[in-house]
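Residue numbers (the numbering used here), protein chains in the order written: chain A, 1 to 348; chain B, 1001 to 1343; chain C, 2001 to 2524; chain D, 3001 to 3338.
The hints are simulated quantities; they were obtained by calculation from the structure and are not laboratory data. Just so we're clear, the structure is a prediction, and the values are computed from it rather than from any experiment. Virtual Cβ for every residue (Gly too), placed ideally from N, Cα, C. Check before you lean on any hint, since a few could be wrong.
[As the list claims (entries may be wrong)] Within a straight-line C-alpha distance of at most 35 angstroms, the following computed DSBU-like cross-link-like pairs (lysine-lysine) qualify:
{"id": "1", "chain 1": "A", "residue 1": "Lys-151", "chain 2": "A", "residue 2": "Lys-58"}
{"id": "2", "chain 1": "B", "residue 1": "Lys-1050", "chain 2": "A", "residue 2": "Lys-58"}
{"id": "3", "chain 1": "A", "residue 1": "Lys-278", "chain 2": "A", "residue 2": "Lys-91"}
{"id": "4", "chain 1": "A", "residue 1": "Lys-151", "chain 2": "A", "residue 2": "Lys-278"}
{"id": "5", "chain 1": "A", "residue 1": "Lys-129", "chain 2": "B", "residue 2": "Lys-1050"}
{"id": "6", "chain 1": "A", "residue 1": "Lys-32", "chain 2": "A", "residue 2": "Lys-126"}
{"id": "7", "chain 1": "B", "residue 1": "Lys-1050", "chain 2": "A", "residue 2": "Lys-91"}
{"id": "8", "chain 1": "D", "residue 1": "Lys-3308", "chain 2": "C", "residue 2": "Lys-2386"}
{"id": "9", "chain 1": "C", "residue 1": "Lys-2439", "chain 2": "D", "residue 2": "Lys-3308"}
{"id": "10", "chain 1": "A", "residue 1": "Lys-58", "chain 2": "A", "residue 2": "Lys-186"}
{"id": "11", "chain 1": "A", "residue 1": "Lys-58", "chain 2": "A", "residue 2": "Lys-91"}
{"id": "12", "chain 1": "A", "residue 1": "Lys-63", "chain 2": "A", "residue 2": "Lys-304"}
{"id": "13", "chain 1": "A", "residue 1": "Lys-129", "chain 2": "A", "residue 2": "Lys-304"}
{"id": "14", "chain 1": "A", "residue 1": "Lys-154", "chain 2": "A", "residue 2": "Lys-129"}
{"id": "15", "chain 1": "A", "residue 1": "Lys-346", "chain 2": "A", "residue 2": "Lys-32"}
{"id": "16", "chain 1": "C", "residue 1": "Lys-2409", "chain 2": "D", "residue 2": "Lys-3308"}
{"id": "17", "chain 1": "A", "residue 1": "Lys-154", "chain 2": "A", "residue 2": "Lys-346"}
{"id": "18", "chain 1": "A", "residue 1": "Lys-346", "chain 2": "B", "residue 2": "Lys-1050"}
{"id": "19", "chain 1": "A", "residue 1": "Lys-112", "chain 2": "B", "residue 2": "Lys-1050"}
{"id": "20", "chain 1": "A", "residue 1": "Lys-304", "chain 2": "B", "residue 2": "Lys-1050"}
[To be verified] Listed next, the stretches of chain A that the computed footprint assigns to chain D, with coverage defined by at least 3 CB atoms under 8 angstroms from CB atoms of chain D:
{"id": "21", "stretch": "143–156"}
{"id": "22", "stretch": "180–193"}
{"id": "23", "stretch": "227–240"}
{"id": "24", "stretch": "302–311"}
The primary structure of each chain is shown beneath.
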Amino acid sequence: MEIKNLKRLQTALVVGTVSVLGTTAGWAKDAKVAYIPCGQVNDGSWSEAGYDGVKAAKDALAKSGTNITIDYTENLSPSQAEVAARDYATKGYQTVVLHCGTFANAAYNAGKDFPNTNFLIVVAPKSVKNVWTYIPAMQDISFVAGYLAAKMSKSGAVGVVASFNFSNITWQAEGFRLGARYGNPKIKTYSNYINSFDDAGKAKEAAQAEIDSGADIIYSATDQASRGIYAAAEANGDLAIACYSDQSNLSPKTVLASALANIPLLVENMVSDSVAGKLVADKVYSVGMAGGIGELALNPELAKTIPPEVAKEVQSLMASIKSGQIKIPAFSEPGQSEQYDLNGLKSK
Amino acid sequence: MSMSVDTPDADRWRPYLLGAGLVLASMTLTGLVLLPIGINPISAYVQILKGAFGSLNAVTEDLVYATPIILTSLSVILAFRCGLWNLGSDGQLYLGAIATVGLGFNRFGLPAPALLPAMAIAAFAAGAVWAALPAVLRLRFGASEVIVTIMMNFLAVTIATYLVGGPWASGITPATAPIVPDGFLPVLIPGTRLNANFLVAIAAAAILSFVLRRTVFGYRLRTIGQNIGAARYAGMPVNRIRFLSFACAGGLAGLAGFGEVAGIYHNLPNGLSPGFGYTGIVVALLARLNPLWAVIVAFALAALNVGSGGMQRAMGIPVSLVSIMEAVLILLVLSTRLLERRA
Amino acid sequence: MNSRSTLRRIVRAEKAPAATWRFEAVKVSKSYGAVVANAGVSVDLNAGEIHAVLGENGAGKSTIMKILYGMELPDAGHIAIDGQALRISSPADAIAAGIAMVHQHFMLVPSLTVLENLILGNRRFGGVLTDKRAVQAEIAALAQRYRIEVDLQRPAGKLSVGEQQRVEILKSLVRGARILILDEPTAVLTPQEVKALGLTLRELAQERHGIFIVTHKLPEALGLSDRVSVMRRGSLIGTWPTDQITSSELVMHMVGRSLPASVSRPELSPGSTVLELKSTCIPGHAGRPELRDINLQIAAGEIVGIAGVEGNGQQELAEAIAGLRHVSAGEVLLSGNVITNAPAAGILAAGVAHVPEDRHRDGVVLDFSLTDNAILVDHEIPAFQKRGIIDRGAVVRFTDRLIDAYQIKCTGRDAPMRSLSGGNQQKLVLGRELARRPKLLIAVQPTRGLDVGAIDYVHRQLIEQRSAGVAILLISTELDEVLALSDRIVVMREGRVIALPNKPSIETIGAAMLGSIDRTAGAA
Amino acid sequence: MTLSSLIELSFWIPLLAAGVRVATPLVFASLGEAVSERAGILNVGIEGMMALGAIVGFLVAYWSGHSWVGLLAAAMAGLVASLIFGFLTIFRGADQIVTGIVMNILLLGLSSLAYASIFSSAHVVAQLTAIPVFRVPWLSDLPVIGRPFFAQSPIVYAVYLLIPVFWLLLEHSHWGLSVRAAGENPEAVDSAGINIWYLRLQAVSIGGAMAGLAGAILAVVQIGAYVDGMIAGRGFIALAIVVFGGWRPWRVAAAALLFGVVDAFQLRLQVSGVPIPSPFLIGMPYILTIVVVAFVAGRAGYPAAINKPYPLRHFSRSARKLIPADTAVVHPLPQEHS
C-alpha cells in the first residue's frame, strides 16, 4: 500500500518535471532516443523506413540546437520488446519508439512504470499519458494505387497480396481494391493473405494465382515477402506496385510505382515533437494524405508508360483526397470494399 | 534414444568442471565470430552479465523469460520419460493462450476469485486436448508423433493468427481484445513483470519431480519409458498411461501460454512465442530429463537471452549472434559425452 | 609382403591338401570396465581342422571370437597367421583375411531378401548397380554344392532359425572364407539338425577350411571337433585332442569343480488341475506360426515341460496364458475360472507368476536399481504403496530380503540392474516371482545364459516350488533340462502340441521336434 | 475468377504448374532426407541447412553472376553443415532430434547474421534475374500435362532426373542396399565388413547437400533474392513429406507434388473469394499431411535403427604398441571353390 502511494507521488513529481521540460524545450538539452522495430533496420522496408525517420528527426533537431543520440534493438518478440523498452527507460532515454504493431502492450505497460519517458507506438488503439500512438492511414495512398492500377490494367483485373488479415494491413488491401473499382467500376479485384511477412515463396505463388486468373497488376501489402510478388510479375511480364518505401530499384522492370507510407516523415514528426515536448496529450496521431502521409513514387523507368491523362487524373484524385473532398473508409474485413457504394466516397 | 535419465554418478564433480570448460570454449568460439565484425568479445560478455544481472529489473526479467521455458521443458520431459517425443509444446502453448484469452474477455459471469483458476484450468485442458490428438494417432495408428506434433504447431499458430485478425480482433493492433483486469496474474515484485506464473512453474517442477520419483503412476511411467516390454509383462496399462502423460505434457505447455497471456500481455498478440517449445526441448536434454535441473537450466538460458539483449542494446550487436552463441555452447555439450546414457 | 605369401599358401591349400597354415590369437586380453572378458588368451586353428572352444556363459568365448573377427578390439595381444601378425581392426579386415563368423544372434536384415543379405557388403557385387540375376545363379550353384537349400527370394525375417543359420553359413562361403567361426551354432537346432550341421562342417574341413565352434554344450563339442579348448572366467584352461579327453574331465575344467549331483525329483502325486487350456488358438505373427487347438493341463505340484525348437510357438503360448497375447478361440482356465483374454494385471493377480524368456526385453529394466526391479510386477499391492505413493521403506526391506535369501551378488540394492551378472539378474526375477506365492509358475528358458552353479540353483528352486504344490509350466530348448525336471513332457512344433509317451528318449523327442512323429498320439 | 471456374481446365493446368513449382524445393530436401533416414539418421536440422543454402547460394550467385555456381556453393554449404551434424550424431552418439534442433538455431542465426553484416542496407541488393523458364520443345505442347511439367525452370527438369537416380541409388545399387540395411540392423552391416559410420555419414551428407540446394533453389531460382526467414518451415514440411512418401523416392516426390498442389489450390480458393477465412485455407496442407501420416504412412513407421547411435570401436594404446608397425594389410583371397 505504502509503496503504491510512494510511486504515485514520484509519478506526479516526474510528470510535472517532464511538462516543465516540455515547455522549455525550445533550448532543450540533449536527449537520447531508442528505436525498436519489428525487423532489422536494413530490411529495406518497414523497419528501415522508421529508422530513416528517427535519423531525419536527429538532423531536424540538430538545426534547432538539440542533439539527440539514437540506439536501436532489432528482431524482437513482443515480450523481449518490453524488456528492451523498460531497459531504455531505466537508462534515462527521453523517447522510445516502438515501431511494430505487436508491441502495443509493451508500450502501455512500460509507459505505466516509466512515466518520465515518452513511448511512441505505431498502430495502437489509444494514446494515454506518456504513450502516444501514430498510425499511417495507408488506405488513402492504397486507394490511389488501386486507381492507378485500374487505369493501367489491360486485362481488366488487378490483385493485392497481403501478409496478414490484421486491420491496418487489411485497410491497405481493401483500400487498393476500392480505388481500383473507383478507377474502373467493371474491374475484377483479387486479394490473397499469406500469413507471413517474409515468406517470399508463398507471396510469389499468391501473386501467380492472381495473375493466372487474369490480374496484370499486383499490389504488395506485405513486408520483405514483396520480393516474391516482383518475381512473379517479372516472370509474366506484368507490373507490381510496392508499398511503404520506394522499391523500384529492387525490380526496375516491374515495380510501376511505390505507395509510400512516408513512415520516415511520420516518425520524424513524432520524434521531434516528443523531444520538443509538443505532443498533444491523449491524441491518436492517425495521419493520412490530408496530413501529408502517403504519396506515390513513380518508377522513373516506367513513368513514361503512364499516359499523360492518367497521370493527370491521379494527380487530381490525390488533390481531392488531401483536401478531404474524398474520404477513404478503412475496411478491416476482407471483401468489404466489394459491397461498398462508391458514391459514399464523396463527402459533402 | 540416447537421451539418458539422471542416475547417481561416481565422480560427480567431473561434469561440472567439464561444463565450465565448455562455457569458456564456446565463449572463445563466439569471440572468433565477433572479432571480424570489430567487436571486443570480453566487453560483449561483460555487457551480457550486466544485462542479465545488472539490476533487479534484469534479474526479474530472467525469471519472466525462464517461466514459459520451464513449463515447456517439463512438458517435453514428462512425454519423454514415457518414451514419446513432444515437439509440439509450442503449439500447445498457443492453445493454452487461446483458451486463456477466450475465457479472459468473455468471462462468462465468473466471479473475480474464480476467474484466474478457471483460466488456468482451461489453458491446461486446451493444451492437453491439442496433445491428445497426436497421442491417439501415435498409440492407435502408429503415426510418428514427431511429425504430427510439428504439423500441429503450424496449425496452432494459424488458428491464433485467425483469432487475432478475425473474430477476437481488438480493432487495430494485431492482438486480441484484452482480458478483464480480474484475469491479470498478480505481480510478485511491484514495478517488474515477474508474475505468479513463475511460482506455478516452480510448483509444477517440484510436483513432476515427486510424481516421477515417488508415485505408482510415475514408477509405471518410467518403466514404460525405459523398457516397454517389461511394462507390458508387469501388466501395466501401457497405452492409457502414455496417453495420460502425453496429454498432461500438453497441459503443462498450455500453462505456459496461460502465464504469457494472464501475466505478461493481458491479450493474445500475433507471434506470442519466440519458439519457447523448441527451447524447452533443448533445456529438457541439458537437464538430462530431471525436472528440478530443468528449472536451473531454463534460468541459465533465459539469463543468456536477456543478457545478450542488453549486450545488443549496449553495443549494437545483431541479435542473431545470440542464438549462434547458445547453439555453439549446446553443440559443444553434445560433442562431449556429458549427456550420454551410461552402460 | 611376407603375410601375403602366407596367404598364397592358404589359397594353395585348396589344391594341395598337404599344405597347411596356422591361424592364432596370441596372448589376447580384453576387459570392459571392471569386467575382464579375456586374460592373455592364446588359441590356434589349423587348416582342415574343427576346433571347439568350450566354456560356460560368461567364460569369454564369444569375446575372443569377436576379437578374431575384428568386431571387438583387444586391449593387448594380437592375431597372426603362421606367426605373421595381422592387424584385424574391423570385420572388413577379417573378411579380407578370409575369416567369416556366424554369430549366435544371426546378423540378417529381416526386411531384406536372403539374396540381398548374401550380397550385403560383399565387394565382388559392389558395382554401382547389382545385376541380381547373375549373382543369384552363382549363389544358387554354391548353395547346391553344399546341399544348403534356401529360397533366395524370401525376406530373411520369414525364415526359421535353422534356415537363418544355413543362410549365415552360406554367406561365409559366398565370401570365399577359409576360416569359419560359429558361435553357439547348435543352440537353436533339433538333434537331427545338429547332425546335419556336423556333416556340412566336416565336409568343409575336408576342403581345408578351418572351423572354430564356440559352445557350452559338451556332447556337441565332443561330437563335432578334432580339438577342444576350455575357457573359464576369461582365461584359457587348456587345449586337448578331442579323442584324448573325457567329458567328465572337460566338465571339471569348465566349472572348476565336479558337477553338483543332478537334482532329485521326489515322487509325489499331482493335486487338482491348476491350468487348463481347452482347444486354444492363438493367431500367428511376424513369421511365427499360428497356434491351433492347444489342449494342456497342469496340476498342482506338477512340472510339465515343453520341449521344441525355438520359434515353434512356445513363447506365444506362455504369453497367451500370461495375458500378453490375444486368444482367438478356445478357453484358458486357472483353477476352474476362465481367464481367456483377461487383462495381464488381472491374471498376474489371480496367482500366475511368469519368468519371461528374454530377461532383458521383458523381465527387468536394466537402468533401474534392484529396488525398482523388485517391485516391477507387484508395485501396486498395498504392501508397497499407500494412496498411490510408493512406500520406499517397505520396498527396500523387501529388496534386501530377496538379496540375501537368493544370495544375489551386487554392489547394493541401488546398483543398476545392468551391473549384475545374468545369473544374479535371473535370481532376482525368480525370487521376485516366487515371493508372490503363485498357483501357476510359467518358466520360459529359466536357465538361459546362466553358469552351472546358477543353473543348479534355479533347478532346485523349481523342484522346491513343485513340492510346495505350485503348478509349473517349464518351457526350454535345453532338452536335458526338460528331461531332468519334468513330470510330463510335450513337444511343440509349428504351433501344435505333440504329446509323448512317459519317459521318452531323446530320439523320440527329436523325432517329434522334426515332425516325424505325427500328433495322433492324442492330447496331453 | 469465380468458384464456377473450378471445373474448367483453364483452372487446373496453371494449378498443376504451380504445384510443381511449390514442390520443387521440397522434393530436393525430402529426397536427401529420405536417404539419410533410410540409413538411420533423422536430420531435423534441414530447415537450417536450407536457410544456409539460401544465403550462400544467393551471395555466391550474386558475386559470381552465375546462378549455377550459386547452387553448387549452396550444396557444398549444406554438406559441410551436415558433416557437423553427422559428426555429433554418428561419432559422438548425440541425440539426433536435439542435435537437429540446435543445428537449426545455429544455421538460421548464422544466415541472418551473414545477411545483416554483409549488406548494410537491403537496397544495395540487386535482384538476381531468376533462371528463365525453358519450354521443352515438343513435350510442352502435350495436352494438359504439357505446360505444367515441361514449361518450367530447368531446375524442375533436374528433379525429373534426380527422382529415378535416387530410386536406383536406394533400391537397386549395392550402396543403397547397405544404406537400407544400416537403417534396419546396423550390427549386421558392421559384421558384413562395411564401415557403418562412414556409410551413415555419406547418407547424411547427401541429405545436407540436397537441403542446401533446396534452399538455394528458393532464393536463387524462384525468387532471385534472399529474405530473412524465407524458408518459413519448409524444412519441417520436408520431414513430413518423407514419412508421407514412405521413404521411397517416387512416392516422396508424389507426396511433395500433392502438397504443392494443395498449397497452390488454397491460394487460388482465396482468389476465387470463397467465404472461408484465409487461415483455414492456409492450414489445409498441414491438415492433409497429418491425415496422411496418420492413416496412410503411419503403419510403415521409421526405419528400426533411427536415432539409435551405433557404438564406435576403440583401439587401446597398449594394443597399438603391441601390433608391429610394419604389419601388412591383408589382401583378399581369390574366390574359387573347386
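Against the structure, the hints come out as follows:
no.	hint	verdict
1	Lys-151(A) x Lys-58(A)	violated (40 angstroms)
2	Lys-1050(B) x Lys-58(A)	holds (29 angstroms)
3	Lys-278(A) x Lys-91(A)	holds (23 angstroms)
4	Lys-151(A) x Lys-278(A)	violated (42 angstroms)
5	Lys-129(A) x Lys-1050(B)	holds (31 angstroms)
6	Lys-32(A) x Lys-126(A)	holds (24 angstroms)
7	Lys-1050(B) x Lys-91(A)	holds (13 angstroms)
8	Lys-3308(D) x Lys-2386(C)	violated (38 angstroms)
9	Lys-2439(C) x Lys-3308(D)	violated (41 angstroms)
10	Lys-58(A) x Lys-186(A)	violated (48 angstroms)
11	Lys-58(A) x Lys-91(A)	holds (19 angstroms)
12	Lys-63(A) x Lys-304(A)	violated (38 angstroms)
13	Lys-129(A) x Lys-304(A)	violated (49 angstroms)
14	Lys-154(A) x Lys-129(A)	violated (51 angstroms)
15	Lys-346(A) x Lys-32(A)	violated (45 angstroms)
16	Lys-2409(C) x Lys-3308(D)	holds (31 angstroms)
17	Lys-154(A) x Lys-346(A)	holds (27 angstroms)
18	Lys-346(A) x Lys-1050(B)	violated (58 angstroms)
19	Lys-112(A) x Lys-1050(B)	holds (24 angstroms)
20	Lys-304(A) x Lys-1050(B)	violated (57 angstroms)
21	143–156	violated (count 0)
22	180–193	holds (count 4)
23	227–240	holds (count 6)
24	302–311	violated (count 0)
The structure fails to meet hints 1, 4, 8, 9, 10, 12, 13, 14, 15, 18, 20, 21, 24 from the earlier list, while all remaining hints are met.
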